[in-house]
Structures are given as C-alpha cells and as structure tokens.
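Listed in order, the protein sequences are those of chains A and B.
Numbering-wise (this note's numbering), the first sequence opens with residue 61 and increments by one.
Numbering-wise (this note's numbering), the second sequence opens with residue 857 and increments by one.
Derived by calculation from the structure, the hints in this document are not laboratory data.
Please note that the accuracy of each hint is not assured.
Unchecked claim - Quick list of the computed label-pair ranges, beta carbon to beta carbon:
no. : chain 1 : residue 1 : chain 2 : residue 2 : range
1   : A       : Val276    : B       : Asp972    : 33 to 41 angstroms
2   : A       : Val276    : B       : Pro1144   : 26 to 34 angstroms
3   : B       : Gln991    : A       : Leu155    : 49 to 57 angstroms
4   : B       : Gln1004   : A       : Lys416    : 36 to 44 angstroms
5   : B       : Asp948    : A       : Ser236    : 49 to 57 angstroms
Backbone N, C-alpha and C fix where the C-beta goes; we use that ideal spot for every residue, glycine too.
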Amino acid sequence: MSQTTTFLLVLLGTVAWFLLPLLPAIRELLWPTDIAPLRVADRDAANVALFAQGFRTYLHRQLEFLPTDTPEESVGVLPDRTPYVRGRRLPDSLLDEARLEGGLDRLVVLTGPATLAGGETFLRELYASRGFAGGPRGVYRAVLGDAGITLGPGTLVLRWVHARSDLLVGNGSLLSGRASADQAIRLGGEVGFDRLGARTIIVAGGASLPDLPAPVPEPFIVPETGSRVVGDHLRVEGDLHVPRNAVLTGNLVVTGKVAMGPGAHLVGSLKAHQEIELGDGARIDGAVVSRTTVTSAFRVAMGGPVVAEQEIRLGPGNTVGLQHRPTSLAARRIELGIGTTIHGLITASEGGVTTKLPE
Amino acid sequence: MIGAILVTVLAAIVAVILIYTIRHYTFTINRLVGQHRQPYVDIGVADWPEVVVLVPAHNEAKVIGGMLDALLEQDYPPDRLTIVPINDRSTDATAAIVDRYAAAHPGRIAPFHRTDGVGGKAAALRDAAANFGGQVHLVFDADYLPGQSLVKQLVAPFFDPEVGAVMGRVVPHNVSRSLLTRLLDLERAGGYQVDQQARMNLRLVPQYGGTVGGVRRAAVEAVGGWSADTLAEDTDMTYRLVLAGWEIVYQNRSECYEEVPENWPTRIRQIMRWTQGHNQSLWRYWWPLLKRPGHLRPGLVLDGLLLLGVFAVGPLLLVGWGVAIALFFMGVIPLHGFVALLGITAYGTLGNFAAFFEVATAARLDGTLGRIRILPFLAFGFLVSLVSVSRATLAQIFLPRPRQPRQWDKTERYRGDNGAAPKVHQ
C-alpha cells in the first residue's frame, strides 16, 4: 500500500469519524421529521368550559351520523366505535353495571330528567339534556348538562363538569380538572377543586353569617419615609400596616408584608412582595397581588383579580369580583371560607378546597 | 513583559466567559428542575383595561393585512381595544392597505401616518404612543400572527401595579423554509423557553423584546417615553424601567408566530442591527446599573449587567482566541488549560443567542425532540453570529455613525403579496 493510499485512507477514516455524530443531523436535514412550526397554546388557557364545548360538538356530530332508524332509546356504538346508551333514563341493567366495581364503560346520553341513587361509576362522558341529579359517592369522568346539575356528597369528577344553568356540589366532593356553569356554582363544605368558572361561585353556609357594622372611614396617608411615587403607584420599602377603618386612594406596591386593619379600604390595587393579611371587613377595589400568600378574615371584599404565587386563604363571607365585573382568583393553593362568593374564574394549580361547614 | 500582559488579558477573558457559562448553566438547571413561575397566566376573566395595540410598519404591504386580521379577531372587548397601525413613510401599498382596513372597521382601527421626523421604529413608536390613551400599549411587529387570546394574555400581568412591561414568546412559523430558519427556530426556543423563562423564575431581568409584548403607559411616561435615538428601543426601555423600579414580566405561554429571516445576508444584517442597538444600551446603562439604586437586588444588578454585555462577549471571545494563538507562537505553553477552557466554554456557552445546551433543554421542554438532531449545524450559525457581532461592534467603535436621522433597517419579508396570513396552528 502506497503512502498516498495510506494517507487517503487515514484521511477518509478521520473524516468519517468526524461525520459520525453528524449523521442524525444530516439525516434530519435531508429527510425532516420535525419541521412544523411549534404549536402555540392559545384559546385553551382561559376558557374553563373548553372541554365541555368540544364534547358537545363531538357528541352532536356523532349522533347526527347515527343511522336514521336508530330509536331514541338505544344501546350501541357511535360512528367512531364509542359504545353508548341513549334514553330518557338508564336501563336498570346498565345502572347495575355502573354500580359494579368496574363501572359503566359507555357514553351516556340522558334525554329526560334523571336522578341517580348514588355509588355509580361512569367511565365515559355523561350528557344530560334535562336536569341531572347524581347520588352520593358517584364517580364521573365528565358531565355535561343542558340544565342544572346536582352532584351528591362525596362525588368524584375526574376531568370536567359543565352545567348550562346551576351546578350544585355536595359536601366532600372532588372536582378534578374543570368545573363550570353558565349561571352559578354552589359548593358544599370540604369540596376539592382545580378550576372553577361561573358568573357566581358560592360556598354554602353564608346565611348563618352575621353582618359587620359599617366602618367609619378615616383618611390615611402612607408615611413619606421609605416610600416614593413610581409612575402611577406608591412604592413602600418594607412592611406596611394600614390602621383600622383607614381609607387610601391609589395603587400600592409594598416590598414587605401588608396588614390591612379591620374596615380599611384601598381605592386602588395592592401588590406585596411578601404576605398580605386583610382584616375583618377590609376592602380593596382593584387587584390584589402577592408573591407569597393572601389571607383574608371575615367579610372582606376584593375587586380583583386576586393572585398569589403560593396560597390564597379567604375567610368566611368574602366577596371577590362583582356580578357585572367578573374577575379571576389564582394561586397554587386556595382555601375558600364558608359563605364566600366569587364572580368569575378560580384556578388552584395545586388544588383548592372549601372549608368544612359548621354542624 | 508582553507575554505577561497577554496572559493577564487571556485570563480575564476566560474569567468573563466562565461567568457567562455559569449563568447559562444556572438558567438551564433552573428550567430542568426549578419551579415554573407564571403568576398571571390564570387571569382569564377580568375587568379588562383600555388597550392600544401599536404596529409599527415601514413598507410592510406583504404582511400588514395578516396582522390586522389577527388583531380584529382578538377575543378582547372591542370597545377597549384600539388597533393603531403606524405607517412610517412607506413607499409601497402599506398606507393604502391600512386605510382600507380602517374604513372597513370604523372605530376599531385608527391608522397613524408619519410623513416626516426622525426615521425608525423607535421614533415611530414615540410619536404614535403620544397620540393615544389607554392604560396599556401593546407593540407587535407587522409580520407577527397573534392568536385570538394573545392580547388578553399580554394584558393580564398589568393588573399587578408593579409591572411596567410584558414580553411574550416568539415562535417562528416559516421553520421549514431553509436550514437557517430551522436553526433560528432552535435558537428562539433556547432563548425564550430557557433563557427568558429562567430569568422570570429567578426574578432577574427578563428582557422586553419589543415585538410581542407591551408596556404600561404610565410607566413609559414616568421614564421619559420612548427613546428615538436608539436602534434597540426595547432594550433601552427594559433598562430604564428596571432602573426606575418597575418589574418586567416574561410570559412563556403568550406565544406568537413570527417570520424569521430565510437567507443569511438578511440574518447577518439583523444581527448587526441588534448588536449595535444592544451595545448602545450597554454604554448608556452599565454605570447607572452598577451604581445600584437601593431598590435593586444585587442579583438583579448582576444579571442586568450580564444581559447588557451579551453582545460584547463575541468580540471578546475572538480577542481571546487571537491572544491564545499569539501566546502559543510566543512559546508561552502553560496556558493550554486556559485555551482549552476558553474553547470549550465558548462553544457551550455562547452558541448564537442561546447556548447549545439551552437549545437542547428547550427542545426537551417543548417536546420537539426530532428537530434537535440538527443541533450540530448551530456551530455554523455560531461562527456567523460571532463574526457578525464582532464586525458590528468594531464598526460601532471605530466608525461612528454620522449624525443623521435614523432610518428603518428592515428585515426582509417573505409572505405573499396579498398580505394574507398563512394558515397556522391555533
């Protein structure tokens, strides 16, 4: 073998060795497998009823394509091979199946008002075109109701539930995923949730709560030391305590903790780098934002949005948002006191819960 | 003597590169194991404020129609959203298209035509912003394609009274057009998914990027309005807001499609423009930042300084390589460790505008594992960037621009002439 050949072989080997790690790159360049634009997240983010809307569209399309001679009361498979049952009520045999350990593995379409005894498990979606009342300890993958929906105590919803009018949720239930209603959601005690959306979301027990006497407003000016105006807000370095019944006007940014005394009123928005504590009857007209937690006492009112990067704990009888000005409440963990009313959207990314109702 | 000086210079350069390496590894590890911070993403329902969307446009006939269509389809309350296409002395059909849209949508589109004054995006923004109210001013480049909820997503953080500016994520939609577009897609992913989001997570300085984002009008007015004498009004605004005590928010979920350069000459011009604009901000703000106003945390100041210096690192690296070679031929051998360190960290740290490991991490987070295979080709893009950034920096230092009105230095557009938006995923 000549020196030239040896040189060329070594050169070839070196080039091949160098190109070896590039083979996947060259292959992807010449025969792309992943070249589409990245899918962007858009409409799903804020629409709490998105899945319910998608299911409604899906179901109508599937039912449209059923053979024309399919009776109103039928058990079979939809055009996409999903097993279903349709009728004014569930046949007893299928109710029995739903109460067995495995549950009912059929999409359920109820065309009449229905009330279940309790203990059923539905492994696929349930659609009720009239009122629907589930019994205690029901398990649902997802429920869509064109009228009101009542879920008994101890109900478990795995993905979503949406009611065209009101959604009533019994004590000790768990609403995983999204729960929404076009009108109101009424939650019992110790109800767990992730995302809730409705014009009005009410935690039971409000009727037993007393009213607070109207506060006597007292003007309050934040001390100039340690504070300065930044654009359209006042920035306070350190902690801030707002005295009882004090009234402040303007937006506040506080780099420490904020404690608002009972009856204090902020006509503006509040941001704190640390905890926010709101006393009985305190009121904030605008947004409330904390990098840690927001804790409110009795009958506190907030215009919203209310955002805490860790936790929100609302005391009894709180109000967030207004009927005509719905808003958002968002934190990793949220606790809602009895008699609390929220207008709009609640998101607890690590889970929320209502407090236990008094005996 | 000369050898000792060169050794000192090289050691300093290696130290700087190492600092950037640590910074990028910190960001990457944060994105892999840290907590994702997006506090405002769940504000989906609210009493939305009045918003003005500013779309600076100079000869954007190919794309402006698509942009206006997308803005008209926003799910934001129409009575609180004013769309302002800023036609800055266009010589193509931009003005006619904008006027046609305004006539077809009275009360929703309010065109702003500029016929004189200082040229460029910054000046156009300054003039237009002064003519419109609203609490929030969003700014989009004309080639962008916002999804239906994007305006709401970008406005949501402004409920926090401390937030002065918000930046969304830029996602290329013309990925499949060339190797360059594919590389830019990777680079954008690393820059936004990892770099920007990590800075958001760590409460550092996410950069307001000026193309898919917005500012609080009161904040902009409080810091003196848009600067017309800069090539990077976004970086300039970022630092003025930070120095004044405002918070910049990056929202990774607020994604918007853009059109990236499809050929290298356009890309090189873009890099050079960015370099000169960013370096302007470096000269202006390194000292005010270093003096550290009392409200700024040391970590935030450090990150701000490092962010200011990103475009200075390229030339520094080239100098480092030159010094290392010089030392080698001078026979100063003990430096081989330094040189190796310089080479390795330079490759791993700088990449183009996102380090290579950041790009790989972004692909993992995005779940786009197929496209990561072309990562080795980013080395080519890295060298192009290195040379372009260095050229622009040297030109800035040694060839000061004559004092003349700034002009638009536009990125070429590739979309169809009818201005219609291509079909994209929603």
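For Gln991 (chain B) and Leu155 (chain A), compare the CB-CB distance with the range 49 to 57 angstroms and indicate the outcome. holds, 56 angstroms
Could you tell me whether the CB distance from Val276 (chain A) to Pro1144 (chain B) stays inside 26 to 34 angstroms? Roughly 47 angstroms apart at Cβ, these two residues miss the hinted range, so it is violated.
So does Val276 (chain A) sit 33 to 41 angstroms from Asp972 (chain B), Cβ to Cβ? Violated, since Val276 (chain A) and Asp972 (chain B) (Cβ atoms, about 59 angstroms apart) do not stay within the stated range.
Could you check the hint for me, namely that Gln1004 (chain B) and Lys416 (chain A) are 36 to 44 angstroms apart, CB to CB? For Lys416 (chain A) against Gln1004 (chain B), whose Cβ atoms are near 41 angstroms apart, the range 36 to 44 angstroms holds.
Distance restraint evaluation - Asp948 (chain B), Ser236 (chain A), Cβ atoms, bounds 49 to 57 angstroms: Hint holds: Cβ distance 54 angstroms, inside 49 to 57 angstroms.
In this structure, the hints that do not hold are numbers 1 and 2, in rising order.
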